[in-house]
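Q: As a plain string of letters, each chain reads:
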Amino acid sequence: MSKEKIKVVISKVGLDGHDRGAKVVASLLREAGMEVVYLGMYQTPESIIKAAIDEDVDVIGVSYLSGEHLVFTPLIVEEMKKKGLDDVLFVAGGSFPPEDIPAMKAMGIDEVFRGGSLTEGFVSYIQKHVGQKGAE
Amino acid sequence: MSIRKSLNPEELVEKLLSGDRRAAARLITLIEDQSVQANGMMKKIFPHTGRSTIIGLTGSGGSGKSTLIDHLIGRFRTMGKKVGVVAVDPSSPFSGGALLGDRIRFQSHATDDGVFIRSMASRGYLGGLARGTTDVVRVMEAMGNDVILIETLGAGQDEIDIIHLAQTCLLILTPGMGDDIQAMKAGIMEIADVIVLNKADLDKANLCQSSLETIIHYGMDKKKGWIPRVVPTIAFASKSTDIRGMEELVQAIMDHQAYLHETRKIDDVRNKRIEQELGLVFKDEVEKVVFAGIKGTGKKREYIESIRAGKTDPYSVVKEVLSTFLRV
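For the record, the sequence lines run as chains A and B. Counting with this note's numbering, you get residues 1 to 136 for the letters of the first sequence. Counting with this note's numbering, you get residues 137 to 464 for the letters of the second sequence.
Please note: incorrect hints may appear among the correct ones.
If the Cβ cut is set under 7 Å, some of the chain B residues that face chain A in the computed set are [claimed, not checked]:
#1 ARG239
#2 PHE252
#3 ARG254
FYI, nobody ran anything at the bench for these hints, they're computed from the structure. All C-beta atoms, glycine included, are put in the ideal place defined by N, C-alpha and C.
With the sequences and hints as input, model every part of the structure.
A: Spelled out as structure tokens, the structure:
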């Protein structure tokens with residue numbers, strides 16, 4: 001059962017107050033024909049997951065710019081598991097050391113895009129992987 | 137097993153009726169996508185609907201609809217009511233994408249399980265709502281929400297579909313949006329049961345309020361029996377103690393609801409909603425029958441070519457198509 005439109009929730013989490021990147025990504029995904037629910041700043045894993053459930057999204061995108069990526073990633077993954085979102089992609093973007101990426105993936109994030117990533121990169125990643133997760 | 141993969145219609149409806157939010161969310165997606173399964177499910181849902189209070193909010197982009205909804209959710213939650221919200225934003229006519237940004241204003245209720253919020257992209261549908269909004273409201277009713285708030289996309293002068301769906305219509309205006317002639321024009325001004333003059337701390341708010349009240353008393357609504365009320369509000373302020381008018385706004389909504397019930401006008405409003413739904417479903421089904429008949433036959437192209445060549449015209453073509461496929 002594929003959906004007509006890819007729906008994404010884009011959010012900041014915690015006290016991170018830098019939302020320029022998240023807004024740019026939200027606009028680019030809109031340009032790519034997706035429906036983007038923009039949550040903005042100061043979200044919690046609980047509020048992000050509740051929005052993801054109500055909105056029936058295919059992708060959860062979180063922007064990390066304040067060094068809390070290793071704190072929030074496992075909390076979000078845990079909340080997703082708790083609520084049964086096993087078929088929703090979880091991706092992150094922003095600024096974090098490349099050496100943290102393996103740890104983030106081990107925590108259960110599906111893909112990460114650091115600052116400087118090309119638009120085509122994350123757009124095509126999403127297009128390719130939506131509906132795949134949890135299917136195998 | 138996730139709900140998306142295990143798409144058993146019966147099960148989904150059953151879960152919805154027990155208030156399951158994932159089932160509701162999934163069903164709404166099916167409606168948005170005009171899935172073939174949606175119709176069958178709507179049949180099962182329909183008997184469980186029709187009892188909720190439905191309130192519509194319309195007005196230009198940036199007038200404060202979402203922020204007002206945030207306050208209204210709070211008020212209704214304090215009364216112990218479950219609240220559903222449908223917030224429509226426009227789709228891009230170019231990319232088909234949409235930025236759904238209303239949720240960012242509903243933050244006070246981000247983790248309240250008694251509140252179900254769904255953003256919808258208009259997907260090219262005109263009238264200020266999204267195509268499946270009528271069905272989405274039914275889903276929210278079946279889910280057990282007592283109050284449903286519908287936010288139109290930033291509407292201008294004629295996006296008035298909301299009147300067919302909502303029992304109480306709020307029009308959100310702000311000071312400085314034009315003179316009294318703007319307010320006297322037909323269309324959106326006429327549909328308001330309550331006119332909210334938001335950002336009432338702005339310059340000339342008092343003047344704006346009295347000119348709106350004057351226009352109302354010119355007699356545009358005397359027939360209706362309910363005289364629209366102008367409620368000045370300040371929905372956003374850096375200090376929460378500076379927020380104004382929420383009590384009065386809720387009172388105006390309750391008064392209008394009481395009026396509808398006391399005069400039995402609520403039945404007219406409900407009938408109007410059903411009439412609208414009937415029209416929509418009818419149009420959809422006719423379209424489906426016709427398109428199914430014509431699909432893959434190459435007929436459409438043929439028609440277009442012959443219209444261009446001047447051999448026929450759209451009116452004759454439609455008549456021919458209808459008589460072939462509908463057997464009327």
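Q: For the restraint on ARG254 of chain B, tell me whether the closest CB of chain A is nearer than 7 Å.
A: Interface hint status for ARG254 of chain B: holds (6 Å vs cutoff 7 Å).
Q: Is the interface hint satisfied for ARG239 of chain B? The criterion is a beta-carbon contact with chain A at less than 7 Å.
A: This hint holds: ARG239 of chain B lies near chain A, its Cβ roughly 6 Å from the closest one there, short of 7 Å.
Q: Answer holds if the nearest beta-carbon of chain A is closer than 7 Å to that of PHE252 of chain B; otherwise answer violated.
A: 6 Å, holds
Of the numbered hints listed earlier, not one is contradicted by the structure.
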